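Fit chain B to the given chain A structure using the hints.
Number of protein chains: 2
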Amino acid sequence: MRLDDYLKDAEAIVREELQAMLPRDSARTGNLYKLMLEYPLRHGKFLRPALSLAVCRARGGEPSQVLPTAAVLELYHNAFLIHDDVEDQSEVRRSEPTLHRKYGLPIAVNVGDGMLAIAIRPLLDNTGIVGLGKTLKILDVIARMAQETAEGQMIELSWVRSGEWIHSDADYVRLVYKKTAWYSFVAPIMVGAIVAGLPDIEVRQLKRIAIPLGIAFQIQDDILNLSAKSDTYGKDFCGDLWEGKHTLILIHALRSAAPAERSKALAVLRKPMPLVMQDTGDAPYYRGHAGSHEQVEVKSEDEINFLRHFIDRHDSISYAWTVAHRYASRFQRELQRMSEDWAPSIHKDFLLDLANFTIRRTH
Amino acid sequence: MRLDDYLKDAEAIVREELQAMLPRDSARTGNLYKLMLEYPLRHGKFLRPALSLAVCRARGGEPSQVLPTAAVLELYHNAFLIHDDVEDQSEVRRSEPTLHRKYGLPIAVNVGDGMLAIAIRPLLDNTGIVGLGKTLKILDVIARMAQETAEGQMIELSWVRSGEWIHSDADYVRLVYKKTAWYSFVAPIMVGAIVAGLPDIEVRQLKRIAIPLGIAFQIQDDILNLSAKSDTYGKDFCGDLWEGKHTLILIHALRSAAPAERSKALAVLRKPMPLVMQDTGDAPYYRGHAGSHEQVEVKSEDEINFLRHFIDRHDSISYAWTVAHRYASRFQRELQRMSEDWAPSIHKDFLLDLANFTIRRTH
Numbered sequence: 012m013r014l015d016d017y018l019k020d021a022e023a024i025v026r027e028e029l030q031a032m033l034p035r036d037s038a039r040t041g042n043l044y045k046l047m048l049e050y051p052l053r054h055g056k057f058l059r060p061a062l063s064l065a066v067c068r069a070r071g072g073e074p075s076q077v078l079p080t081a082a083v084l085e086l087y088h089n090a091f092l093i094h095d096d097v098e099d100q101s102e103v104r105r106s107e108p109t110l111h112r113k114y115g116l117p118i119a120v121n122v123g124d125g126m127l128a129i130a131i132r133p134l135l136d137n138t139g140i141v142g143l144g145k146t147l148k149i150l151d152v153i154a155r156m157a158q159e160t161a162e163g164q165m166i167e168l169s170w171v172r173s174g175e176w177i178h179s180d181a182d183y184v185r186l187v188y189k190k191t192a193w194y195s196f197v198a199p200i201m202v203g204a205i206v207a208g209l210p211d212i213e214v215r216q217l218k219r220i221a222i223p224l225g226i227a228f229q230i231q232d233d234i235l236n237l238s239a240k241s242d243t244y245g246k247d248f249c250g251d252l253w254e255g256k257h258t259l260i261l262i263h264a265l266r267s268a269a270p271a272e273r274s275k276a277l278a279v280l281r282k283p284m285p286l287v288m289q290d291t292g293d294a295p296y297y298r299g300h301a302g303s304h305e306q307v308e309v310k311s312e313d314e315i316n317f318l319r320h321f322i323d324r325h326d327s328i329s330y331a332w333t334v335a336h337r338y339a340s341r342f343q344r345e346l347q348r349m350s351e352d353w354a355p356s357i358h359k360d361f362l363l364d365l366a367n368f369t370i371r372r373t374h
Numbered sequence: 012m013r014l015d016d017y018l019k020d021a022e023a024i025v026r027e028e029l030q031a032m033l034p035r036d037s038a039r040t041g042n043l044y045k046l047m048l049e050y051p052l053r054h055g056k057f058l059r060p061a062l063s064l065a066v067c068r069a070r071g072g073e074p075s076q077v078l079p080t081a082a083v084l085e086l087y088h089n090a091f092l093i094h095d096d097v098e099d100q101s102e103v104r105r106s107e108p109t110l111h112r113k114y115g116l117p118i119a120v121n122v123g124d125g126m127l128a129i130a131i132r133p134l135l136d137n138t139g140i141v142g143l144g145k146t147l148k149i150l151d152v153i154a155r156m157a158q159e160t161a162e163g164q165m166i167e168l169s170w171v172r173s174g175e176w177i178h179s180d181a182d183y184v185r186l187v188y189k190k191t192a193w194y195s196f197v198a199p200i201m202v203g204a205i206v207a208g209l210p211d212i213e214v215r216q217l218k219r220i221a222i223p224l225g226i227a228f229q230i231q232d233d234i235l236n237l238s239a240k241s242d243t244y245g246k247d248f249c250g251d252l253w254e255g256k257h258t259l260i261l262i263h264a265l266r267s268a269a270p271a272e273r274s275k276a277l278a279v280l281r282k283p284m285p286l287v288m289q290d291t292g293d294a295p296y297y298r299g300h301a302g303s304h305e306q307v308e309v310k311s312e313d314e315i316n317f318l319r320h321f322i323d324r325h326d327s328i329s330y331a332w333t334v335a336h337r338y339a340s341r342f343q344r345e346l347q348r349m350s351e352d353w354a355p356s357i358h359k360d361f362l363l364d365l366a367n368f369t370i371r372r373t374h
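Order-wise, the sequence lines are chains A and B. The opening residue of the first sequence carries number 12 in my numbering; numbering runs sequentially from there. The opening residue of the second sequence carries number 12 in my numbering; numbering runs sequentially from there.
Bound-form chain A, shown alone (with noise of 0.2 Å):
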């Protein structure tokens, strides 16, 4: 069975969980769950539930106990995105404008609150389903990995607002750990573990190997956002030099030029977003962060290319791909020593197939 396969069967149910999970809207609740499902309606990877079924599977668990949980990831991973989308002002998600830009971003805000409200239920739910001791060890994964995710923003969301960039490599690497591979590897396969009745030791050894996954994960996704096509990305094309993201490329092209052309990046870098003026009939909109700086000059096309070219210059995108190859080949051999005994199945193949999938993904 080929990867994407796998990912697409896992969609059409978690998706099926996630409508049957969602009370029924009605005038009475203004849309608020028509607008919860609007980003999984549209097509999402459903990675992260697919990696709680799997790894459920792949050790003997039932797909159903492990179902409700994955939604909940599912469900987090699309608030998560609609809070970041109005963080960073993008405009486009998933190949569609992005949640505020539809609906204002009062009600982009409130949605993304209201699923991590409702995300809770199904979580309580889990002691007819699993018992007492697996649901509160899961509650404990979720409470973890909520508070790295907004950790992990947080010290992103700093660092631009500061304009500081004086990064390591390691210091990317904590950061991606947290904001990245928590929500999106770590807890998603320890959910899976736990449903399957691991023991504990098991679990602490899948969620060590899922973190370098994560990270490959990561860096990968700063390669697609300088390099995809937009029609397969999906996402605003070039978005994280606009919003002036510290990716592990930039820090590598930053390290690697000569003081004056650093000293020319930084300066560009240091620029915020311009306002856009969307024709789209909608309100104007400020595309930077509000309140992050004082009326100075904005970013311009032009020097967004000059960005694209000094990252070019010094190979940072190759830099980056090498790194994130060395995290997702750590990943593979360390899945492949530890599960050596587990029994053949598709859904042992799947995790085995990340590695490859996450550096070589195009979207």
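Calculated directly from the structure, the hints in this document are not laboratory data. The structure presented is a predicted model; accordingly, all values stated were derived computationally and were not measured. Honestly, I wouldn't trust all of these hints.
Identical copies look the same in the list; a pair holds intra-copy or inter-copy alike.
[To be verified] Restricting the straight-line Cα-Cα distance to at most 27 Å, the calculated cross-link-like pairs of lysine-lysine (DSS-like) are: (1) 56 x 359; (2) 359 x 218; (3) 56 x 19; (4) 56 x 218; (5) 145 x 359; (6) 45 x 256; (7) 256 x 113.
Using the frame of chain A, we list chain B on its own:
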């Protein structure tokens, strides 16, 4: 003991608990936890944790057993305030700039998310303090609370967005039940009762009588928004009119007005807020609901004055106050009946004083 002193005592112990509950901050968490404490340290009312403490103690419960949950409720309240301020684009909270005015919108959204995340841990740790049964009951209340609040917020935001203004008093009461009563009164009172070990039937009874108090509280909030002196109020003066919030006051005035006057008022209410350029050295700042309207005329100062007089012409503040008084009295009457056989205590007195406080407070 005066009610204000009771609240001050609660503030002191809950603030200490909050500070102990949050992880130490460091450069490695970008001041996330420091910012979480910013609103609580601005001297809020601490009404919600005081309610939990009072109910618990009035019924013989141990204050130390309810304290972590009470602090979590204050954390939720402040997270909601941060996100509400973003959604309403408010400028002032507790007499200082709102969090997003001070640190930018992205950081404000994420600090709110972080607070919702960090709130889960103490609720799980309750197992060691009140046992598993009460822990699960409390989690259940909190899950319902978060959902009701998001639904209430969504109803309000979609009313504002759609410009639809055909509401009965019952529509307003239902909105306020969800957006305010649940998290400010119902949940705090229920968790106090649960920790005190009251039987389910008594918890439900207390829940029922909490609702009218919550409704009275929100009506008084709407009144204060229009009439308070800004130096004691600590929020944007007449912000509700600028935002076009659907208060009982406006619902009454619109209902009482002749058709021509009503049309004029509706036309003003449906206009968006103006873009305000702050002279605080911050970014240009769009005060209004991005995406919610075309580039049409915005509300003017004169129009806000017209609305303010429109309300006075129909005596709508007195009307709202009479309704608030009726709800507050209902709470007092029912609590009096219910608490006849409770031992006398300052905690019981605090609860009985709440009706008066709710409709006579000036902030």
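Status of the hints after comparison with the structure:
no. : hint      : result
1   : 56 x 359  : within (19 Å within a copy, 55 Å between copies)
2   : 359 x 218 : within (16 Å within a copy, 50 Å between copies)
3   : 56 x 19   : within (8 Å within a copy, 51 Å between copies)
4   : 56 x 218  : within (21 Å within a copy, 43 Å between copies)
5   : 145 x 359 : within (22 Å within a copy, 40 Å between copies)
6   : 45 x 256  : between (32 Å within a copy, 23 Å between copies)
7   : 256 x 113 : both (24 Å within a copy, 21 Å between copies)
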